[in-house]
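Model the full assembly from the supplied sequences, consistent with the hints where possible.
These protein sequences, in sequence, are chains A and B.
Be aware that the first sequence starts at 927, since it is given in the numbering used here, and climbs by one per residue.
Be aware that the second sequence starts at 927, since it is given in the numbering used here, and climbs by one per residue.
Derived by calculation from the structure, the hints in this document are not laboratory data.
One or more hints might be untrue.
No copy labels: a pair is met if it fits in one copy or bridges any two.
To be verified - In silico DMTMM-like links for lysine to aspartate or glutamate, alpha-carbon gap of 25 Å or less:
#1 Lys1093 <-> Asp940
#2 Lys1093 <-> Glu1224
#3 Lys1082 <-> Asp1107
#4 Lys1098 <-> Asp1074
#5 Lys1093 <-> Glu1115
#6 Lys1098 <-> Glu1122
#7 Lys1082 <-> Asp1163
#8 Lys1093 <-> Asp1107
#9 Lys1093 <-> Asp1294
#10 Lys1082 <-> Asp1127
#11 Lys1098 <-> Asp1063
#12 Lys1082 <-> Glu1191
#13 Lys1201 <-> Glu1068
#14 Lys1098 <-> Glu1111
#15 Lys1082 <-> Glu1111
#16 Lys1082 <-> Asp1145
#17 Lys1098 <-> Glu1115
#18 Lys1093 <-> Asp1074
#19 Lys1093 <-> Asp1057
#20 Lys1093 <-> Asp1145
#21 Lys1098 <-> Asp1057
On a predicted model such as this, the values are computed, not experimentally measured, just so you know.
2 protein chains.
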Amino acid sequence: MRIAPPEVLAGRLDRLRRVLIDEALGALVVTSLPNVAYLTGFFASAGVLLVGADGVTLIGDSRYAEPLAARTRDWPVIRQMVLEPGVSFDAAVVSAVEPLAGRRVGFEARHLTVARHHYLSRALAARGWTDELVATDGLVEELRTTKDAWEVARLKDGAARLSEVAKCILPKVLAGRTEADVAAEIETELRRSGFERPAFDTIVASGPNAALPHARAGDRHIGDGELVVVDFGGVLDGYCTDLTRTVVTGRTGTREREVLDRVAEAQHAAFLAVKAGAAPEAVDDAARRHLAGHGLAEAFTHGTGHGLGLEIHEAPRVTRARAGHVEPTLAAGSVLTLEPGAYFPGWGGVRIEDDVLVTEEGAEWLTDVPRTL
Amino acid sequence: MRIAPPEVLAGRLDRLRRVLIDEALGALVVTSLPNVAYLTGFFASAGVLLVGADGVTLIGDSRYAEPLAARTRDWPVIRQMVLEPGVSFDAAVVSAVEPLAGRRVGFEARHLTVARHHYLSRALAARGWTDELVATDGLVEELRTTKDAWEVARLKDGAARLSEVAKCILPKVLAGRTEADVAAEIETELRRSGFERPAFDTIVASGPNAALPHARAGDRHIGDGELVVVDFGGVLDGYCTDLTRTVVTGRTGTREREVLDRVAEAQHAAFLAVKAGAAPEAVDDAARRHLAGHGLAEAFTHGTGHGLGLEIHEAPRVTRARAGHVEPTLAAGSVLTLEPGAYFPGWGGVRIEDDVLVTEEGAEWLTDVPRTL
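Structure, rendered in structure tokens:
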């Protein structure tokens, strides 16, 4: 797994420090693990980061002593703190934060639980703190929305490999096989192609199951002439890519052909609406209006897409307008999925999904596989 | 995937309602997804449950309309609420909770984030609520610690299948293959054996990588005469099982044999310490003392085990005593891993892990594979 080099990490840290100045914060306690990985290159199942004006402290447990030491060696700005046996992460956060008394220290309100917040607040008050920790909302997530060049390279590499996996696998989605069997072959092929792991549970949904956007892959034997929604993704160097094709086994019926074409057109309409400065809701609307124009408004039951990066679902959300919420406009350097679908309970469904990079002028496809077979 | 039948779910709900009475709560907002699945059989990537004295409301989004309807059909005590487009989960929770004004309504402080708590509190206050939501700590998790008969059957089935996967795969951990290749074969075999998915990223750590408890599986080619830690698990009917063996490729050296034997003995010592009423710390101590008696105290860098169930890591924690924390004593019906290890940076390491059921008299092995090969 490739980890961003120190100069790239330093750029991210600089951007965050400017945000902290704007927010009048002296430090930020980062408890979201993808945010920790983004800022430090430390990928772990547990960890906390404290970013101050003059130092960065990365807290991990003894299982990760070796990668923690490696992070400090590669990028000495990081001070590592390995948990002593019997000390919790939150107790370590208190020790790391304590010397900052008098500064405004932020925490990530979207991630810190009420129980952890309560512990930290009480422990700091017991040490004489009179100021409360300051709730912040998505500061690092917002930085992550605009991918840097290193990230774009990872995502392009991932999308290219994912496209090759699709080309290898889709011809093998055949009547008689079980959904689970196809899913297992996809996941094997993901590993062979260099992905660290699937980005989510692979979906192979055939026949009536194709009408269920939540379906996974089960024991069902794929039938002849059926629609099969195949939705899978891989994690490469920590970055997620995501692709869906809908295959017809055997001969394609008229109705199946019709729905496939309309969904592919809706995806193209969404693609044409993407550019830096566009509202995500307008991109969703482009796909939705195309489907509605063909009587498929009711059949499209989910949003058009989502951001991709260290998480499989991240900002921006490409969905319908929501009451009381304005999604920020798209930024050049964002990477997102475009995945309209149409579902008919009892009959089947179609979804087509690709990954695109937002540019100043429009968008660039990252995945590259024929849309209808 | 098998889902617990209504009479089993009703038993769980009864136990929770008794807890709510003890806590003087009129209702509980359940936001932990494993807790939602435990109480309702609804497995989803998003959802909220409201448990009151006289009704249960399950909130899901439109992707899950079909399984939500199925839950209500199978078990009519559940009232389903499918999110309208543009309505957030938290807005739906407010509507569901609003009629309960005047009752003490609890929330799960370990799971609800500060941001969501803030939203709920403000929205309810705006609707005239004068009472605050009440923080609760692990009420459903504590019920989950004691598995019911239906759960024990699932975990036994999973552990038996996982043992068969191990017997099939371990002889194929051979010099010349890459770690990632072995991991891919394990995950394929998990699917073939009926598991819904791997319970976590499969670990195949060879040679010096075997010294890193956090290692996954990479491009490294396994060498001859090396220790290889193979740690994998599967999810069956929603329940996680977990197994580790350490294989030596080629001839087993004296030092490798010695460490393997000591770790296997430490695991056995832990097993003998397990019974209903025992302190988890005493189980950890049994393994730790055995290793310390052979000069391996420093080499054992993590805890002895963890509970298994709907999550791969759940209560009880079988670790060293922690300052200011007392882990509840073991209960008959708990399922946990016993997984001591010994790690030597630069040289390699050994971990041996099995799953056991706690009984009144002692413990019962659930996984069954020779410990040293």
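Checklist entry - Hint numbers the structure violates, sorted upward? => result 1, 2, 4, 11, 18, 19 and 21
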